[in-house]
Every structure is written in structure tokens, then in C-alpha cells.
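Q: Residues per chain are reported as follows:
Number of protein chains: 2
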Amino acid sequence: MELSPIGIVESPLTDPAAAPKQGREGAPEAVLVIHADVAAGLDGIAPGEEVIVLTWLDRADRGVLRVHPRDDPANPERGVFSTRSADRPNPLGLHVVEVVEIDGPRLRVRNLEAVDGTPVLDLKPVI
Amino acid sequence: MELSPIGIVESPLTDPAAAPKQGREGAPEAVLVIHADVAAGLDGIAPGEEVIVLTWLDRADRGVLRVHPRDDPANPERGVFSTRSADRPNPLGLHVVEVVEIDGPRLRVRNLEAVDGTPVLDLKPVI
Chain X
1 MELSPIGIVE
11 SPLTDPAAAP
21 KQGREGAPEA
31 VLVIHADVAA
41 GLDGIAPGEE
51 VIVLTWLDRA
61 DRGVLRVHPR
71 DDPANPERGV
81 FSTRSADRPN
91 PLGLHVVEVV
101 EIDGPRLRVR
111 NLEAVDGTPV
121 LDLKPVI
Chain F
1 MELSPIGIVE
11 SPLTDPAAAP
21 KQGREGAPEA
31 VLVIHADVAA
41 GLDGIAPGEE
51 VIVLTWLDRA
61 DRGVLRVHPR
71 DDPANPERGV
81 FSTRSADRPN
91 PLGLHVVEVV
101 EIDGPRLRVR
111 NLEAVDGTPV
121 LDLKPVI
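Listed in order, the protein sequences are those of chains X and F.
When we follow the numbering used here, the leftmost residue of the first sequence carries the number 1, and every step to the right adds one.
When we follow the numbering used here, the leftmost residue of the second sequence carries the number 1, and every step to the right adds one.
Excised from the complex, chain X in its bound form:
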């Protein structure tokens, strides 16, 4: 099971430790730059829509199975599958963003907490 990125995140966020935990907690606007060879797959996405973005959180620790939610030691430890921790066996990021503008293969979006350079794996409609 090999993933092949469909694009990359361009964002002013560069430090995962300083990025918001959730996109609605103050993430700046970002751009999804989709690779030319798959850009035909964007047809049908329109500004104003909410879209699910799946990313590969490439700085994650894949050996982690239990965490303190939100990195706060005051929160009791629990299993990663009951949290949104980036550290997990398959570090797939799931983000619900709002499309602001589409310029060819460049989608400007709101509410994306992924850092600059994060690989994009898939886009899906919110149902």
C-alpha cells in the first residue's frame, strides 16, 4: 500500500508545535497545490464549499499508541485512535476546510492547520 501525493500544502505555518490543534482554532489561509497530472480530478469543486482534505503527517511518530490529548499532561492518557493526535501508526491527517478560491490547480482554503510542505493525499466532498 503505497501512497502517492496528489499535491502539497503551502501555508504560513511552519512549526507543528506552534500550529493550531484544529483548523478552526486560528489557522491562517493556505493553498493546496495539486499536481498537474491529477488536476483533472478537481472538476466539480467550487468556491464556498467545504471539502475534506487527507494529508500525510510526515513528521509524526508512528510508534505512538497512547497520548495525553492536546499534548496536555493534565489530560489522562488514552489510545491514539480515540484522539486526533498526529502521532499514530498511519499518520493520516483529516481536515475539513472551506474553499475560498480556485485558480487552476491551486485551491486557496480556510481552516487548514497542516504546516507548509505537508503532502496532500486526497480530497473528498463533505456529505
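It is possible that some hints are incorrect.
Stretches of chain F that chain X covers, calculated by requiring three or more beta carbons in the stretch to come under 8 Å of a beta carbon on chain X [said to hold, decoys possible]:
hint	region
1	35–49
2	90–96
3	114–125
These aren't lab readings, by the way, just hints derived from the structure by calculation.
For every residue, glycine included, the Cβ atom is placed at its ideal position computed from N, Cα and C.
Keeping the supplied structure of chain X fixed, place chain F upon it in accordance with the hints.
A: Below, chain F alone, put in the same frame as chain X:
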């Protein structure tokens, strides 16, 4: 970017063509069987909760970029990223299921349209 399954779907559904398009369209109960080496990650998930399941749709055609939504030729063709088509460059399945019962590493769930044998990649809470 290599994925490593965390478990597998056990379901009465065996034929992708006959499976419902969405879990709420009549999917039977199924079981997520989580591998023992990552089962510690389940701590904190409780019956009655909704959980997001990410799967690998291993029978998908990864070269497809445009489809008729819901496999209906009457629907105008559009880009796969604006649809829930299984055929797409990275065939990641996203399912919102309800946990009915937890028996160790076995989670019985409702509303999962993935077929028997589908690899499970990740579980996340609904936020």
C-alpha cells in the same frame, strides 16, 4: 509513504458492486478486527460513539480521474476529488460508523459499506 494496516473489516458484504454506496444506505453490521500490536490505541473508544474509519479500497482503479457520480451514466462526469468514488489516485475510504459493541480488539459497528477483507488504516473521533 508506506501504509501498514491496523486491522481488517469482517462484513457480510463481499461484492463491491452490490454494496451500498454509503453506509447509511442499508449496510449490515460489520466488525473491525484490530491487530493485537496496535490494540492499545483503542483505549477511550466507547460503545454508542460515532467514529471515523479510514480504509484502503484495495480493488480501486488508481488511474481514474473523472467519473459519473454513483456509477450512473445519467449523472454528468466530474472530477473524482468532488465525489466519493473508490476509484481515485489514493483509494482511501472514509466512513462514519457507530460503535455498537467492543470486545477486546473487535469493534462491532453500524453503517460501514466497506466489503469483507478491506484493510483498516486508522480510526479517529468525530469532532
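Q: If you look at each residue in the region 114–125 of chain F, do at least three have a Cβ nearer than 8 Å to any Cβ of chain X?
A: Result for this restraint: holds, n = 6.
Q: Examine the region 35–49 of chain F: at least three residues should have C-beta closer than 8 Å to a C-beta of chain X.
A: Per the Cβ count (7), the hint holds.
Q: Given that the region 90–96 of chain F was listed as covered by chain X, double-check it with a C-beta distance under 8 Å for 3 or more residues.
A: holds (count 3)
Against the hints set out earlier in the document, no violation occurs for any number.
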